[in-house]
Every structure is written in C-alpha cells, then in structure tokens.
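Peer 1: Listed here are the chains, written in short residue letters.
Number of protein chains: 2
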Amino acid sequence: MTEKKEPLFNKIALVGIGLIGSSLARATRKNGLAKEITACARSQSTRDTAMRLGLVDAVYETPAEAVVDADLVILCTPVSTYDDLACAMAPALKEGAIVTDVGSVKESVIRDVGPHLPDGVHFVPGHPIAGTEHSGPEAGFAELFEGRWCILTPVPGTNSKALDRITDYWAAMGSMVETMTAHHHDKVLAITSHLPHLIAYTIVGTATDLEETQQADVVKFSAGGFRDFTRIAASDPIMWRDVFLNNREAVLEMLQRFSEDLSVLQRAVRWGEGDVLEDRFRKTRDIRRGIVDAHQAGTFDAREPDSPQD
Amino acid sequence: MTEKKEPLFNKIALVGIGLIGSSLARATRKNGLAKEITACARSQSTRDTAMRLGLVDAVYETPAEAVVDADLVILCTPVSTYDDLACAMAPALKEGAIVTDVGSVKESVIRDVGPHLPDGVHFVPGHPIAGTEHSGPEAGFAELFEGRWCILTPVPGTNSKALDRITDYWAAMGSMVETMTAHHHDKVLAITSHLPHLIAYTIVGTATDLEETQQADVVKFSAGGFRDFTRIAASDPIMWRDVFLNNREAVLEMLQRFSEDLSVLQRAVRWGEGDVLEDRFRKTRDIRRGIVDAHQAGTFDAREPDSPQD
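Protein chains in written order, with the working numbering: chain B, -10 to 299; chain R, -10 to 299.
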C-alpha cells in the first residue's frame, strides 16, 4: 500500500472511465500498481473530465489507441459494448498482454470477448462486488474496492501467471479475491444482485405511478424501507439493462422462485394467516446473522436509524 | 434539549419497553420531558433488563399498574395486543390522561383502542418513522427519533390541547411532526414501508431455499444488493405479522400493482426488450433525487461502498 513498491504493471489501459474505471485509476495510483495509466472514452466531455481530475496519464477516443503497449487492459463499460470493443482493440494488443473486465455477468462476457483476442493475449474475466448508485468519472474513489470481494472466472486453460497477476492486482487494492466458474457466478449474482435490482426498480416504478398527492408523501416518508430500494434503483440504467439482457436464464429462474414465494405471502395476507407470515419472517433472520458474521453487513448497520422497522 | 426545562409531563407510562419503548424512555430522560417514567412488560426478563439499564423509575407486569396517575400513556407493543391492553388499562387511566401509540398501522389502532377509552381520556394515534432491524430494550437509543418524521392521525374531534402536547413531545425528541388521516397514513405506508418489508422477507426467504452450495455464496457476496434486503428482513417478525394482518387492503392493492409492474419487466427480460428495461430504469432515478433533496436519504448514502451497483 505504498508508492515505493515496484509497480505490478508498466502500463494499464482502462477501456471506459466511469465510476468503476475512475475508481480503478485512483486505486491503481494510490497503491502504486502501474507506471502509466491510459484510458479511452467515447465522449469528449468524459475525456476532458478524466484529464481535469488527473485520473490518467493519457486518454484517447478509441480502445485501439489506449491499449498500445499495455500489460493490462480492463474493460469498464456496460457489457453490451464488450463485443465491439474487443474486436476494435484486438489488433493493437501486445503479445503477452492480460485482458480483464469488471462486468456483472460473466458467461456472456466470455462468449463476447474471448473469440476476438489473439493468441498470446490472456483473458481473465473478473467482477468486483463493489459500487455505488452514482455514475461517471467524478463518482469514483480509490477505496471503493477495499474489503470487497472480487470474483475471477477464468476459463479452463487460462494462463496461471496471468491469473496470479490479476489476483495480486485486486488484492493490492484491498479486495478479497475468489475464483469460480462463470456459470456459478451468474447463478449466485442473479439472486444476490440482479433480482434485488430488478425488484427495486419495479417497486420504485410502482411508486412513481401513484397519484401525485401520495407520491409527495412517498418521498417524504421513504425512511420506512422504501428509501433503501430507491438507492438500489438509482444505479446506472444502461449497465443494468445489459445485465438483464445477458443473464436472462438465471434471472428468470430466480424471479420465478421469488414470484411463487411472494404469492404464498400474498395469500397469507389476504386470508389473515398470521402463523404463516410469522413463520416466514422468523426464518429470514438467520441468513441475516450469517451475513453479519461474514462481515458483509457493513459497520453502519447497527447504528443506522434509517433501517426500516416501521 | 436540556434537563433544566420544566418537563412536558409529570408521569409517562410506556406500555411495552422494546426497541421503540426503550428509545422513548432514553429520549424522554435525555430531553427532560417527564418527571417520572414507568413501564410494563409481560416477561420478567424484560422487566429486569429495563431496571438494570435504568430505563425507567418503575416497571410493572400489567398496564393497569403502570398507567396509574400517568399524564401520558404510550402503547409500544405489536398492534395485535392493543385491544386487550387498552381494555386492561382503561379503568386505571386518570381523567385528562393522553393515550398515544407508535404502531405502524393506524386505522386498525383507532378501531381497537378508541372504544375502550373512557370519556375525559384523549387518544392521539401516532407513528414515528424510525427504527432499526434490532429488537428488545437493549437495542434502543435516545437519538432514534432525531430528524425522523412522526405522523399523528387524530380522529375528528380530538382534543386540540392533547394533540399539541403530543406534537411538542415528539418535537422535543428531535422529530418532525406531520398530521394526516389514518386512512391516508395506511395507504402511504403500505408502499413506503409495508410492501418493501414483504418483498424483502420474500426474497431473503427465496435465497434460504437455494441449494446449500449457492447459499454460502449468497451470504458471501450479499453486498451486491441482497444485503440491504436482509437488513429489512431482520425486523421483528411479530410486529410485521401484525402490520400485514392490520393493513390488508392497502398492502394487497400495492402488491397487486407491484406484481403487474414486475410482470412487465419479467417479459422484457424474457424477450430481450432492452429499450423497455432502460426506459423503466431511467424513470426511477427521479424519485431517488426527490428523496435526496428531501434529506431523507441519510448522510451515509453517498459514501456507502456497499450500495449495490454490481
């Protein structure tokens, strides 16, 4: 965690410089993990912001320009762009370069990126379980990945040195690194992240359709639980559109299970079956304890007066 | 906010001394709002805890004992107990006493409590929009109500002096007080609090039914969004059972709207309709901004690295 260390990489290229990309730039700098950082961004304003904030040494319009001579290339854009980006940057990738990403889905990423990469370039798909509901280069911060999990989903035959270097990179930024198959990742994240976001987007949408008089009070009295959903539902629309388009089967399966379980509670409410409700409500406490024990609960929880009870 | 003020009440009786009751005891003490505080609790262990923590001056087993000579009586138990409690304490209430409560539903409370109260006793139903997922007398703290809304739902003809005194009481504990009809309250809270809790309980329940291998990872990688739901779903089961049993119509109506909206998104995912998803996801950002502008978002939000994005 000091500038004195010999950098892990000579040159890191960030394809995309939004919340995650800019946080990677900051964390890479803070921990002295690269001698040089470049980035590319489609829009002039984003490129200007990246330079103004001093996030990178150079910023380009195209990935082909940004990845020249890079030892490490990190895709930090919505996953729907990966196919074109990988195709565009492939010819410019140097022999032995490592390509990784931060996408929230992994099977589709392997499908879209893998085929474009030339022999001698190592692909290590990754996904940091970290973020905020804020977007853009100004929203990033160097500590975003500290104490967070980063999941790597290498395909069979992935170069083990490349996997080790990516593991070291995330560990150096304070992350805990776990390796699993892309298939398992997509199934687990469907329930821990994708479905919660779909539900949060839905209920906030339901609230926005209420009569105006009620809507003002929904905002006013949101601390009763709704507020937590609005934060989740404020996440980047494009990124989340792409998540659902690219993890369809797993999301639909979890959504089906959820709908069945919700119907059971709905029926219990309609028929006044208090014992059914109480029984279900008790069960859920255990998994919460597991999360607290696993230190995934966040230190703010116990003190948070906004945690909905009423 | 100082002990030097003349107390608003001579004697406050807390019927129930859990998270909310004990927080009221602490806040009443801290702000010097009563000369004497009594409480009642069914279980010996709760009574022992209340005395050990020095929360009250005296604690009794029955409400009839606790409310003797009280100027203010506050019901702080699950709403299903209100009917019996009101019936039991009614004969012991002194002329001119004010009875209020902290229940999350209000129409059923007026239905259950009102008829038991003798003439000359003033009933002012209330609901502080504050709480945590923790329960019991040890979970309370004096600052729980600071900067939070407290909704009062007086019935037509409620004694205006009594209403003013309850308003002053909550304001003295740092709350912002709003008055509305019980019917409007129950409708608004159905979407801002009750439905979010029902959904959170459901999805956490869905996760607990997963295969064991997946379940371990659900706990591990909960920071992706699921974790926020588990906190909500850790709230008191009895209290929430009673909420759903006593706000059935409003909850079922909001649940119906939610289910319809979820079906639209489910179909969009199944058929890969990215434009539909993106359009919905964009809309929800505005209501979030409204909540942030209304200062209901909590100062931790912007800094919270756990806010799910991935």
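Source of the hints: derived by calculation from the structure; they are not laboratory data.
The structure displayed is predicted, hence computed values, not measured ones.
The reader is advised that the hints may include incorrect statements.
A pair counts as met if it fits within one copy or between any two copies, since identical chains are not told apart.
To be verified - In silico lysine-lysine, DSS-like type, Cα no more than 30 Å apart, as pairs:
{"#": "1", "residue 1": "K272", "residue 2": "K83"}
{"#": "2", "residue 1": "K209", "residue 2": "K83"}
{"#": "3", "residue 1": "K272", "residue 2": "K150"}
{"#": "4", "residue 1": "K150", "residue 2": "K19"}
{"#": "5", "residue 1": "K24", "residue 2": "K272"}
{"#": "6", "residue 1": "K24", "residue 2": "K209"}
{"#": "7", "residue 1": "K19", "residue 2": "K209"}
{"#": "8", "residue 1": "K19", "residue 2": "K272"}
Peer 1: For every hint, state whether the structure bears it out.
Peer 2: Results of checking the hints against the structure:
1. K272 x K83: neither (53 Å within a copy, 42 Å between copies)
2. K209 x K83: neither (55 Å within a copy, 36 Å between copies)
3. K272 x K150: neither (44 Å within a copy, 45 Å between copies)
4. K150 x K19: So K150 and K19 pass the 30 Å test inside one copy only (24 Å; across, 61 Å).
5. K24 x K272: neither (51 Å within a copy, 42 Å between copies)
6. K24 x K209: Close neither inside one copy (49 Å) nor across copies (34 Å); limit 30 Å.
7. K19 x K209: between (40 Å within a copy, 27 Å between copies)
8. K19 x K272: So K19 and K272 fail the 30 Å test inside a copy (43 Å) and across (36 Å) alike.
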